[in-house]
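K.L.:
Chains as they are written, first to last, in my numbering: chain G, 1 to 210; chain Y, 1 to 108.
Any given hint could be a false lead.
Straight line, CA to CA, 30 Å or less: simulated BS3-like cross-link-like pairs of lysine-lysine [unchecked claim]:
{"#": "1", "chain 1": "G", "residue 1": "K103", "chain 2": "Y", "residue 2": "K44"}
{"#": "2", "chain 1": "G", "residue 1": "K124", "chain 2": "Y", "residue 2": "K72"}
{"#": "3", "chain 1": "G", "residue 1": "K124", "chain 2": "G", "residue 2": "K74"}
{"#": "4", "chain 1": "Y", "residue 1": "K44", "chain 2": "G", "residue 2": "K136"}
{"#": "5", "chain 1": "G", "residue 1": "K42", "chain 2": "Y", "residue 2": "K58"}
{"#": "6", "chain 1": "G", "residue 1": "K42", "chain 2": "G", "residue 2": "K136"}
{"#": "7", "chain 1": "G", "residue 1": "K34", "chain 2": "Y", "residue 2": "K72"}
{"#": "8", "chain 1": "Y", "residue 1": "K58", "chain 2": "G", "residue 2": "K192"}
{"#": "9", "chain 1": "Y", "residue 1": "K73", "chain 2": "G", "residue 2": "K136"}
{"#": "10", "chain 1": "G", "residue 1": "K140", "chain 2": "G", "residue 2": "K209"}
{"#": "11", "chain 1": "G", "residue 1": "K88", "chain 2": "G", "residue 2": "K192"}
{"#": "12", "chain 1": "Y", "residue 1": "K58", "chain 2": "G", "residue 2": "K136"}
{"#": "13", "chain 1": "G", "residue 1": "K103", "chain 2": "G", "residue 2": "K140"}
Which stretches of chain G does chain Y cover? Using the computed rule of at least three CB atoms under 8 Å from a CB of chain Y, they are [claimed, not checked]:
{"#": "14", "segment": "78 to 86"}
{"#": "15", "segment": "154 to 161"}
Quick list of the computed label-pair ranges, beta carbon to beta carbon [said to hold, decoys possible]:
{"#": "16", "chain 1": "Y", "residue 1": "L98", "chain 2": "G", "residue 2": "Q198", "range": "46 to 52 Å"}
{"#": "17", "chain 1": "Y", "residue 1": "D80", "chain 2": "G", "residue 2": "G153", "range": "23 to 29 Å"}
{"#": "18", "chain 1": "Y", "residue 1": "L79", "chain 2": "G", "residue 2": "N123", "range": "43 to 49 Å"}
{"#": "19", "chain 1": "G", "residue 1": "N123", "chain 2": "Y", "residue 2": "F36", "range": "54 to 60 Å"}
{"#": "20", "chain 1": "Y", "residue 1": "A95", "chain 2": "G", "residue 2": "Q198", "range": "41 to 47 Å"}
{"#": "21", "chain 1": "Y", "residue 1": "G84", "chain 2": "G", "residue 2": "S97", "range": "34 to 40 Å"}
{"#": "22", "chain 1": "Y", "residue 1": "A91", "chain 2": "G", "residue 2": "S97", "range": "37 to 43 Å"}
{"#": "23", "chain 1": "G", "residue 1": "S97", "chain 2": "Y", "residue 2": "L79", "range": "22 to 28 Å"}
{"#": "24", "chain 1": "G", "residue 1": "T126", "chain 2": "Y", "residue 2": "L79", "range": "36 to 42 Å"}
{"#": "25", "chain 1": "Y", "residue 1": "L79", "chain 2": "G", "residue 2": "S119", "range": "23 to 29 Å"}
{"#": "26", "chain 1": "G", "residue 1": "V196", "chain 2": "Y", "residue 2": "R48", "range": "19 to 25 Å"}
{"#": "27", "chain 1": "G", "residue 1": "E174", "chain 2": "Y", "residue 2": "F36", "range": "40 to 46 Å"}
{"#": "28", "chain 1": "Y", "residue 1": "N59", "chain 2": "G", "residue 2": "G153", "range": "19 to 25 Å"}
{"#": "29", "chain 1": "G", "residue 1": "P49", "chain 2": "Y", "residue 2": "R99", "range": "45 to 51 Å"}
Note that these hints are calculated values from the structure, not bench results. Cβ coordinates follow ideal geometry from the N, Cα and C atoms, glycine included.
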Amino acid sequence: MSAIPTTLRSIAFAGFTIVSAIASPKTFDLQDPKGVNAIQFKLDSILEPIAGTAGAITGTVTFDPAAIEATNGKVSAAAASIVVPNAKMNEHLLGASWVDAAKHPEISFAFTSLTDVKSAGANKWTATAAGQFSLKGVTKEITVPVSLTYLEGQFGTRLNKPELGGDLLVVRGEFSVARGDYGIKPGESEDKVAPVIQLTFALVGGAPKS
Amino acid sequence: MHSPTTPDEGSDPPPPTTMDAWRVLVRGASVIGILFVFSFWSAKGYNRGWSQNQVPVKNIDPVTEIEFTTYKKRFIPGLDYLAGGTALGLALFGATFLRRRSHNPSSS
Numbered sequence: 001m002s003a004i005p006t007t008l009r010s011i012a013f014a015g016f017t018i019v020s021a022i023a024s025p026k027t028f029d030l031q032d033p034k035g036v037n038a039i040q041f042k043l044d045s046i047l048e049p050i051a052g053t054a055g056a057i058t059g060t061v062t063f064d065p066a067a068i069e070a071t072n073g074k075v076s077a078a079a080a081s082i083v084v085p086n087a088k089m090n091e092h093l094l095g096a097s098w099v100d101a102a103k104h105p106e107i108s109f110a111f112t113s114l115t116d117v118k119s120a121g122a123n124k125w126t127a128t129a130a131g132q133f134s135l136k137g138v139t140k141e142i143t144v145p146v147s148l149t150y151l152e153g154q155f156g157t158r159l160n161k162p163e164l165g166g167d168l169l170v171v172r173g174e175f176s177v178a179r180g181d182y183g184i185k186p187g188e189s190e191d192k193v194a195p196v197i198q199l200t201f202a203l204v205g206g207a208p209k210s
Numbered sequence: 001m002h003s004p005t006t007p008d009e010g011s012d013p014p015p016p017t018t019m020d021a022w023r024v025l026v027r028g029a030s031v032i033g034i035l036f037v038f039s040f041w042s043a044k045g046y047n048r049g050w051s052q053n054q055v056p057v058k059n060i061d062p063v064t065e066i067e068f069t070t071y072k073k074r075f076i077p078g079l080d081y082l083a084g085g086t087a088l089g090l091a092l093f094g095a096t097f098l099r100r101r102s103h104n105p106s107s108s
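Turn these sequences into a full structure, and let the hints steer you where they fit.
P.N.:
Now the structure itself:
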């Protein structure tokens, strides 16, 4: 008699566990083992634009495909990882009058939710992330248009270990900031180097199968 | 017959033939230098931007389709290299036209 309720209870528990596992938000680590993650920047300048990358990306994004609006996270780049092709220019960029990597080693963007979420295809969305952007010790509220791509089951495949399972989340975005707002030569040399820094990022986060 | 050299004679400018040979040598070196700078700059791809110590290389991650940049250590001369090298060559070339002020004790 009591065998049937026990079986039902077991099935119900298993179902609940599966549903919970599917529906629960996952945390994606942005420290990519393949070293793909970077923030690219560009400033118009005389002769040619100053373009480079900031690698050494760390941080996490918490994402639930069933509740995109609740996506939140923090992305950080090591200021010392800024690279431009010209060595002298690189030295200047890391120096005290520009990003001052020694005193302010981290450039970061933290956001707590997404707005204007729109589907852009299967497992793809566009949205706006509002959060705090920190550069050279100055933190300001900004909004960043982002696109999200959820690659279910691709974590292991990407590492040539399909048995690992796990998911990937790709976050892309583009925004610009006024360098003067962050204490980078405010109002200075604007005829030589543009006052606006254009930033582009394409980041992948991995969530191994737990 | 040669007369013994006095200290005054020793500070005189070198004979015109020696000075001309020195000028010709430096002018030649300047022209060769400028030509070398131009040839090196053009052989490395006529880079009309700043010189590069490392070259960005674009790559694409096949799974995520993220385009990412890696850097390859290589020197690519830019317009700053061309301008600097040419200016140095021209300065050397121009310096050969400067005349050494002649020291003539009898005129003082």
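K.L.:
Against each hint, give a clear statement of whether it holds in the structure.
P.N.:
To see whether the hints hold, each was checked on the structure:
Straight-line distance between C-alpha atoms of G/K103 and Y/K44 comes to about 38 Å, which puts the hinted pair past the 30 Å bound. The straight-line distance between the Cα atoms of G/K124 and Y/K72 is roughly 34 Å, outside the 30 Å bound, and the hint therefore fails. With a C-alpha separation of about 20 Å, the suggested pairing of G/K124 with G/K74 holds against the 30 Å cut-off. Pair hint Y/K44 plus G/K136 does not hold up; C-alpha atoms about 37 Å apart against a cutoff of 30 Å.
Simply put, G/K42 and Y/K58 have alpha-carbon atoms about 16 Å apart, close enough for the 30 Å limit, and the pair holds. For the hint linking G/K42 to G/K136, the alpha-carbon distance of about 17 Å falls within 30 Å, and the restraint holds. A distance of roughly 17 Å separates the Cα atoms of G/K34 and Y/K72; the hinted pair therefore holds under the 30 Å criterion. For the given pair, Y/K58 sits about 27 Å from G/K192 by alpha-carbon distance, which is consistent with the 30 Å threshold.
Distance restraint check for Y/K73 and G/K136: the Cα-Cα separation of roughly 28 Å lies within the 30 Å cut-off, and the hinted pair is therefore satisfied. The hinted pair formed by G/K140 and G/K209 fails the criterion: a straight-line CA distance of about 36 Å is larger than 30 Å. Using a Cα cut-off of 30 Å, the hinted pair G/K88 and G/K192 holds, with the two alpha carbons roughly 16 Å apart. Distance check on the hinted pair: Y/K58 and G/K136 sit about 28 Å apart at the alpha-carbon level, within 30 Å; holds.
Straight-line distance between C-alpha atoms of G/K103 and G/K140 comes to about 18 Å, which keeps the hinted pair within the 30 Å bound. Note: the segment 78 to 86 of chain G has 3 residues with beta-carbon separation from chain Y under 8 Å; the three-residue rule is met and the coverage holds. For the segment 154 to 161 of chain G, the proposed coverage by chain Y is satisfied: 3 residues have a C-beta within less than 8 Å of a C-beta in that chain, meeting the threshold of three. At about 49 Å, the CB distance of Y/L98 to G/Q198 agrees with the hint of 46 to 52 Å.
In this structure, Y/D80 and G/G153 break the distance hint of 23 to 29 Å, their C-beta atoms being roughly 50 Å apart. In this structure the supplied range 43 to 49 Å holds for Y/L79 paired with G/N123, their Cβ-Cβ distance being about 47 Å. Range check, G/N123 to Y/F36: Cβ separation about 57 Å, and the 54 to 60 Å hint holds. For the hinted restraint 41 to 47 Å between Y/A95 and G/Q198, the CB-CB distance of approximately 45 Å keeps it satisfied.
Taken as a hint, the range 34 to 40 Å is violated for the pair Y/G84 and G/S97, whose Cβ atoms sit roughly 24 Å apart. The given range of 37 to 43 Å is broken by Y/A91 and G/S97, whose C-beta atoms sit roughly 31 Å from each other. Take G/S97 and Y/L79: their Cβ atoms lie about 24 Å apart, and the range 22 to 28 Å holds. A hinted range of 36 to 42 Å for the beta carbons of G/T126 and Y/L79 is consistent with their spacing of about 40 Å.
Separation of Y/L79 from G/S119 is about 48 Å and departs from the stated range, judged on CB atoms against 23 to 29 Å. Range check, G/V196 to Y/R48: Cβ separation about 23 Å, and the 19 to 25 Å hint holds. For G/E174 and Y/F36, the Cβ-Cβ distance of about 43 Å falls inside the hinted range of 40 to 46 Å, so the restraint holds. Judged by the Cβ atoms, the range 19 to 25 Å given for Y/N59 and G/G153 holds: they are separated by roughly 24 Å.
For the pair G/P49 and Y/R99, the supplied restraint of 45 to 51 Å holds, since their beta-carbon distance comes to about 47 Å.
Consistency with the previously given hints fails for numbers 1, 2, 4, 10, 17, 21, 22 and 25, ordered from lowest to highest.
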